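Novice: From first to last, the protein sequence lines stand for chains A and B. Going by the working numbering, the first sequence wraps up at 341, each residue one higher than the last. Going by the working numbering, the second sequence wraps up at 341, each residue one higher than the last.
Calculated from the structure, these hints are not laboratory results. Since this is a predicted model, take the numbers as computed values, not measurements. Mixed in with the good hints there might be a few duds.
Straight-line Cα separation of at most 30 Å, DSS-like style, residue types lysine-lysine; simulated pairs [to be verified]:
| no. | chain 1 | residue 1 | chain 2 | residue 2 |
| --- | --- | --- | --- | --- |
| 1 | A | 168 | A | 180 |
| 2 | B | 112 | A | 112 |
| 3 | B | 30 | A | 112 |
| 4 | B | 267 | A | 267 |
| 5 | A | 30 | B | 112 |
| 6 | B | 180 | B | 267 |
2 protein chains.
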Amino acid sequence: MSSPATIEDVARIAQVSIATVSRAIHTPEKVANSTRLKVNQAIAITGYTTNAMARSLRLGRSNMILVVAPDIGDPNFSNILVGLENEARAHGYGILIGHTQNDPQRGLEYLKFLNSNQAAGLILFTGILPFGHQSMTARLPPSVGVFEPVYNGGIPYVGVDDIEGARKAIDLLIAEGHRKIAFVGDSRTRLAYARRRQGYDAGLDAAGVPESDRIVLEGDGTIESGRLALEQLFMRDTLPSAFMCVNDQTAIGVMIGLGARGYDIPKDFSVTGFDDVPQASFMSPSLTTIRQPRTAIGKSAMALLFELLSDSEPAETEILLRPDLIVRNSVSAPSRRFQKR
Amino acid sequence: MSSPATIEDVARIAQVSIATVSRAIHTPEKVANSTRLKVNQAIAITGYTTNAMARSLRLGRSNMILVVAPDIGDPNFSNILVGLENEARAHGYGILIGHTQNDPQRGLEYLKFLNSNQAAGLILFTGILPFGHQSMTARLPPSVGVFEPVYNGGIPYVGVDDIEGARKAIDLLIAEGHRKIAFVGDSRTRLAYARRRQGYDAGLDAAGVPESDRIVLEGDGTIESGRLALEQLFMRDTLPSAFMCVNDQTAIGVMIGLGARGYDIPKDFSVTGFDDVPQASFMSPSLTTIRQPRTAIGKSAMALLFELLSDSEPAETEILLRPDLIVRNSVSAPSRRFQKR
DNA sequence: TCCGATGATGTAAACCTTTACATAGATCGT
DNA sequence: ACGATCTATGTAAAGGTTTACATCATCGGA
């Protein structure tokens, strides 16, 4: 009585075989109406739920999807997760999460979940394939990258159209009258870097801004690195009138750095970000940025994963959602003072 | 070859029985050194990992912990999750997450994970027991509430000392010279509400502020409700000089409302929050608040859960971590103007 | 030299499902 | 009215482990 009911308990009460019970649950059309009724009653009486372990064992496939991120605490992560979770649950799947903190050793621990059949599929957050050596990749279950393309593997990807997003940011700055616009990037190894940079260049090309007026700085995507990149810049003699940052964290760093030097945003300098992290709207000034439709990305990525799971056809290799420009208060027309330099 | 190696493959290569392989893995001291060596080699050759489904089925217990929250997107959630995950992984467990969005129907779907043996334990975030009718509670696996005490069940709880936290906030306000301090609460049904309110009252009692000078407002814990509570207040004729809010969201709402009415914080009014959400430091002015040591709470809660899992003794029913007062810029001495009223 | 104890290993059952195959009854066409 | 077809159900195997129990060799003690 204390241990949960099994299919056999149900079968006994419904006076049918366990096979019939199983069929009544999973392929009801193969079972006579009258018996289905009996089975359902028996299920109600016993409170039976199928033992997922046994089912997965028999089927050779679990109903869990593993989601691996470098850092669960990443402000971008949670809303993606919402989308992922909703879609997974709609398919009767659960979500298993892990974060590696960029430690390959920890990546391997999660790989075990995969190898031991505990997860039927894999979602990779933020462009990482965290399992060290490439050889590991061979046995990977169906996988989808999300938020940022996965650098080192032909893994399908769902994210935002980085080029278009960057282009929207740059076009806004141009429209406000800026010509000299710095691009503050993170690691060059990130595909998102390349694409946003591409949007930056395309926008400036279209506006006829010569290469010589472009400034490219590098960081690693953190707030601190944004501030540092700014410090470096101030040792040069030419300053831009605006900063287009590869992500919001960097933009926040730039804004802090500018503030510390006594400048006013947006009066002295304009700043744009990318991602629209929750903080962006609370800063002062609030940050003009490109929004990642996070929940939609998550949902879409999980849907793609399920396609892969059933078809096993590679399907589309990239799904790009349209980013929105969120105009807030960190951009205005360039100040005369700095244009002159 | 393509399908993963089983214990039988290992046994064949090591020229022992599967029982010996199993023992070599889980109870190595029961196996001769020489054979253990052979088995380990065979494992290395085959790349064997135990099939978790089969193991859990046999053991009648999985290596997953279910974590249920009303909303995964909650800014308080992610760092708790980090603590939970780290501790779980250290024990070889994985984390399954779900969020109910306060829909009991969805709570039931997660209950199925529990009943079907997919999760050995349960972590409940933010004071909810999301499974509708109490009868469900009977069969719950070992469970621990986190961040906020669980209202409707004798479930052990790990969180912050709300009374002490509230007391720290109120003491700061008193020290700054405030006497008339409003408490802006969320739902009265929350235990955290009661406790923080208790700290509020205790602090005012100690300072000799009469009951008649206390103002208590109610919301539901959201930003919007903070703003609304403020609007209600302004229809009265007596105003406080400070607002002590039950959480940061509410405090943000109050600050927005005050800002919209043209008041300056902290010159005209002081505001304190509770939780220290990530935004708190980015607001302007930045929010003085009580920090929840989130990662530590998560870690501690998971550790308690594992104790429950092995001992099955109820152990301590509440673990309260010490909260820190985070002083930022939303508090100053009361303005003359409002004190006079 | 033989008995009992000890230690290492093997055999087989059990955990709970799903499903291929077998069976049996019903239905249909001629 | 009879074989063929179809529908509903049952039987039993398989999926990969863990572990109680059985077996067997070894060793110490008398």
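Novice: Run the structure past the numbered hints and jot down the numbers of the failing ones, going up.
Specialist: none
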